[in-house]
Amino acid sequence: MTAVNGSADAVGPALVELAGVTKVYGSGHAAVHALRGIDLRVAAGEFVAVMGPSGSGKSTCMNILGCLDTPTSGTFRFRGVDVGAVTRNQRALLRRHYLGFVFQGFNLLNRTSALENVELPLVYRGMPAAERRARAREALRAVGLEGWERHTPGELSGGQLQRVAIARATVTQPEVLLADEPTGNLDSARSCEIMDLLTRLNRERGITILMVTHEADMAAYAGRVVRFLDGLVESDELNGRPN
Amino acid sequence: MLWNAFVLALREIRRNVLRSSLTILGIVIGVAAVIIMVTVGGGVTAQVTSDISKLGSNLLIVTPGQRRGPGGASGGADAFDMADVAAISREISSLAAVAPVASQMLSAIAGNENWSTTVYGTTNEYLDTGEWRIGSGRRFTESELRSGKAVCILGATVRDELFGAQDPLGATIRLRKLSCKIIAVLEAKGSSMGMDRDDMVLIPLRTFQRRISGNEDIRLIEVSVEEDSSTEKAQRAIELLMRERRRIGAGEEDDFSIMDMKEVASTLGGVTRTLTALLGAVAAVSLLVGGIGIMNIMLVSVTERTREIGIRLAIGALEREVLLQFLVEAVVLSSFGGLFGIALAVGTSAGLTRALDVPFVPDLGIVVIAFVFSAAVGVVFGFFPARRAARLDPIDALRHE
Numbered sequence: 010m011t012a013v014n015g016s017a018d019a020v021g022p023a024l025v026e027l028a029g030v031t032k033v034y035g036s037g038h039a040a041v042h043a044l045r046g047i048d049l050r051v052a053a054g055e056f057v058a059v060m061g062p063s064g065s066g067k068s069t070c071m072n073i074l075g076c077l078d079t080p081t082s083g084t085f086r087f088r089g090v091d092v093g094a095v096t097r098n099q100r101a102l103l104r105r106h107y108l109g110f111v112f113q114g115f116n117l118l119n120r121t122s123a124l125e126n127v128e129l130p131l132v133y134r135g136m137p138a139a140e141r142r143a144r145a146r147e148a149l150r151a152v153g154l155e156g157w158e159r160h161t162p163g164e165l166s167g168g169q170l171q172r173v174a175i176a177r178a179t180v181t182q183p184e185v186l187l188a189d190e191p192t193g194n195l196d197s198a199r200s201c202e203i204m205d206l207l208t209r210l211n212r213e214r215g216i217t218i219l220m221v222t223h224e225a226d227m228a229a230y231a232g233r234v235v236r237f238l239d240g241l242v243e244s245d246e247l248n249g250r251p252n
Numbered sequence: 582m583l584w585n586a587f588v589l590a591l592r593e594i595r596r597n598v599l600r601s602s603l604t605i606l607g608i609v610i611g612v613a614a615v616i617i618m619v620t621v622g623g624g625v626t627a628q629v630t631s632d633i634s635k636l637g638s639n640l641l642i643v644t645p646g647q648r649r650g651p652g653g654a655s656g657g658a659d660a661f662d663m664a665d666v667a668a669i670s671r672e673i674s675s676l677a678a679v680a681p682v683a684s685q686m687l688s689a690i691a692g693n694e695n696w697s698t699t700v701y702g703t704t705n706e707y708l709d710t711g712e713w714r715i716g717s718g719r720r721f722t723e724s725e726l727r728s729g730k731a732v733c734i735l736g737a738t739v740r741d742e743l744f745g746a747q748d749p750l751g752a753t754i755r756l757r758k759l760s761c762k763i764i765a766v767l768e769a770k771g772s773s774m775g776m777d778r779d780d781m782v783l784i785p786l787r788t789f790q791r792r793i794s795g796n797e798d799i800r801l802i803e804v805s806v807e808e809d810s811s812t813e814k815a816q817r818a819i820e821l822l823m824r825e826r827r828r829i830g831a832g833e834e835d836d837f838s839i840m841d842m843k844e845v846a847s848t849l850g851g852v853t854r855t856l857t858a859l860l861g862a863v864a865a866v867s868l869l870v871g872g873i874g875i876m877n878i879m880l881v882s883v884t885e886r887t888r889e890i891g892i893r894l895a896i897g898a899l900e901r902e903v904l905l906q907f908l909v910e911a912v913v914l915s916s917f918g919g920l921f922g923i924a925l926a927v928g929t930s931a932g933l934t935r936a937l938d939v940p941f942v943p944d945l946g947i948v949v950i951a952f953v954f955s956a957a958v959g960v961v962f963g964f965f966p967a968r969r970a971a972r973l974d975p976i977d978a979l980r981h982e
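Heads up: the protein sequence lines correspond to chains H and F, in order.
For the first sequence, our numbering assigns the number 10 to the initial residue and increments by one for each residue that follows.
For the second sequence, our numbering assigns the number 582 to the initial residue and increments by one for each residue that follows.
Just so you know, the hints here were simulated from the structure itself, not pulled from any lab data.
One thing to keep in mind: the hints can contain errors.
Stretch-level coverage of chain H by chain F, calculated; a stretch enters the list once three of its residues show a Cβ under 8 Å from a Cβ in chain F [claimed, not checked]: (1) 24–35; (2) 65–79; (3) 124–134; (4) 192–205.
If you're wondering where the values come from, they're calculated on a predicted model, not measured in any experiment.
We treat Cβ as the ideally placed atom computed from N, Cα and C, and that holds for glycine.
Pulled out of the complex, with its shape left as it was, chain F reads as follows (with noise of 0.2 Å):
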């Protein structure tokens, strides 16, 4: 009896193309929409979770003047210098490095070529505290530090540029009048938040501050903190030093800012999570649209055929036989959507996260409730209805138009 529904089930499906393939496409609409959403969302989250954790863990970035929102430092305050830097490693203990930055755009140039990029002054310990790794070369010497040597470490992106496959290490790029001896050339660390990490060239702080700033300004301290000690401790510490080197009173608001790079991290994780609901939202509604359309189509064709079960009723078939093809064709197509719907989606979604450059994660359990979803609908909505028509006289059914 199974089987003769199955083959009534399949009969009829082959036979009301149209019908089925609409059944079918509502389906693979809804299972497809809420599993890509899902899988970007999820793309997504994994990537800017990968970009934060690039920033660099136990991060403090300390910068003169009070942080107002996300943008730069507002203007005013003094900058530090490397007295400062010197209290903050001296007085605090529990920081793994303190490297001092002074920063300008400028343009790097090497025989023909020409490439702006962000020259950065400042020592060893900033490799330490951004988690750098020299790909080839070595670090700055003491003596190159101390006594302002010319000599730089490129990124990545700036040796492609100005050297593409050649070996950069022991030529000399010009900065302004500064003519630098290539000493290394860290690894490449890609983008994160849209910038390019690599894009940098690194010189030691007092050549920077003789050759190219002309003062003694630091704009900005990067700390990082050992493992396992607190951030929030350490953010602390440095905030009632620095208080008290640059003299502000009891009740004054501080004229420089720390940024904890796991705070920036936990928010900006918090905003993904957020976007994600958002997208699961959104992808529940589409769902839900789905399952509508598959609850009309299904809805219609049993109208439609309330006088097909007429004359099946008429003919000998049994209220049940009648349910059980209805049911093995409602099961049979929500399948095949949906299984379509899953193939699509994962098509597609690949596809998408490849355009978009975030890691593909396909999200099993999405897959399933999705699929499960859209199935029930298809089930429960073209069953119901043909329950309620088997259950006519078949008289009626047959005068139904």
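Chain H extracted, bound-state conformation (with noise of 0.2 Å):
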């Protein structure tokens, strides 16, 4: 299976599949439908764009997709697995294991070098120090950011930021990555940067990615769209031609 030939109709074993996902927030009249039943299913290996204006629910879906979230109703399997069922804990060593998220406020720490950013990951994992530290390196220097690794977040610039995150994200070789609106923050040429970087590590090592974005540009980077409104899946297509 390559890169780009995935779609919704895929057949085989689906690494991503939500069955008649929703989220509600709150209770009673304040309740609030975030997601109104979704049904995705995303292969190994597919660069996959979501879409859609705010409040359609693509950034619940992302985070259910990342396993920091659960549905209210339906399922959510990744990997086999009913992420939904699972306990805080199994969820936990999901994210640590196969997952990569990309956030869209960055979420780096603070007052923390670039490079323990990017290491911190890894030390969940329980990896020595001395590979640790190869590891984040070479993820650095994937994202183009050698010589910043002694940096801290507030020393850095956003499309610096959002490659630190990527490299946070990327380190681990995770089976898939998770990007909120990664180049939001980001002009143009940088936006562009990111895409490629991205695309590249879609192509090179076959790492899923998941990416929400406003911006059509971007989502042509990807080798699916799928756009979402309302809480509900709108139209879900190869790049380019109507599915």
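Take the two lone chains and join them into the complex the hints point to.
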């Protein structure tokens, strides 16, 4: 299976499978229905762009896909595991071993060097310090931040922070990389750099990528575009061609 | 995993120098305040206790007039005379020594030196009741006492002031018109209750009466009771005897008073114990305040760090790993602060006790209590908010600002 041939109706084992997933925040009159029944299958190696207006449920869906949150109803299977049914700790272990998350607001540790930020997921994997450091350096080099290892988030630009966040998400060689508007804070030149980087990670390392974006330009890098509207999947098509 | 948590914790401590030092400062102040107060209080108590023991135990002081409060005797009552002294020593058994004392403030002059001191006219018994030891020289002889010879014994302070390093034995000092030959110098006792006990000159009672006061009055009788005998019994016996001698009718009040130094000692001891308890209470309050300081910093820092906790959880940390990290941080900070506080307290109390001239008596118990309390506060208030944060959904923790 190559990087771009996955599709909504791909046969074979799905890496990620949402079936009738809903998410409701609050209860009674104040209840907010963020997701109203999402069905989505993503196969290993795909590069999927998730689009939709604000409030359409993209981010909620990403949080569920990232095992950070659980569906109110419906099932989310990741690698065949029903994520909604396992314990907090087991979800943490799924995140630790298989997922990389690039947050919208970077979510890097303040006053902590780029290198240490990137090392952090490896610390929780129990990797020895020397190997950890070497891997983190390598990850920073891969995102073009060689020489910036000692700088803290306060000393880095938005694009650099985004790249540190990507390095942190990829240093563990995750199976799935989830990125919530990875280019949201960047100018177009920087955005293209980031997208090239993600494309490379997808093609060269076979990392499955799920990316939320507002911009069609960015979605164009993906092999498949899923559109959300009002908590439902509005459309799901291979890039450029109607499904 | 523990080592990992330790490394992470040390890293966080180093990374947030300000927050860490504030936490440590809170603990340092809490621990140090308690230890200093209790140590200095203990030193003062020990000092007072030793002062009291210097006054002489088993000592009764009989003075004419009724004592009203801790001042001097009220005037009006007749002074004692030698017959009273003789009667006391004759009639009452179980007394080790009975010393009559008459005294006056006078200038002692030797060569060009001049020193204002208290001159006591007394007998050799005074050396026994006051537990004085002769440093050099000898006691009064019987004939000197009987015939009222012009001889004197100097307290160490008077010797120092008038003669410096010279040997005063055989020299003379002048008290008014009386030239006295120095026959002895007493060993120094130092001061007690802020009074220099060595600032005095002793001369035979008869010499004092004839050459200085010009009357037979005895203003004070010191009585030391034999060891193992009851001072209360002796006090009652003296009271009965003196009432009889001074013809005080039944129902009338004594026109003299008998002070038991043991009673004074226990009163003073009680006062010091109260003071120490007060210091302890103040210390407990400062420990509490220190504890609240630690609590605040811990609570604020954990709230501040909720996002950090969210990040760690999101990238795959387990709840218990995050907790362990915070626990180790709190333990390391608290123990560091505690040890620093102990060091500070020991240094400061050593200095303070020296400045106050009281003995330095470190109290291990309070050191342990202060340390454990502060450390416990630090750990508890570092741990529980962290646990609350670590139990949040990572998403909620991440949204926290």
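Hints, one by one, checked against the model:
no.	hint	in the structure
1	24–35	violated (count 0)
2	65–79	holds (count 4)
3	124–134	holds (count 6)
4	192–205	violated (count 0)
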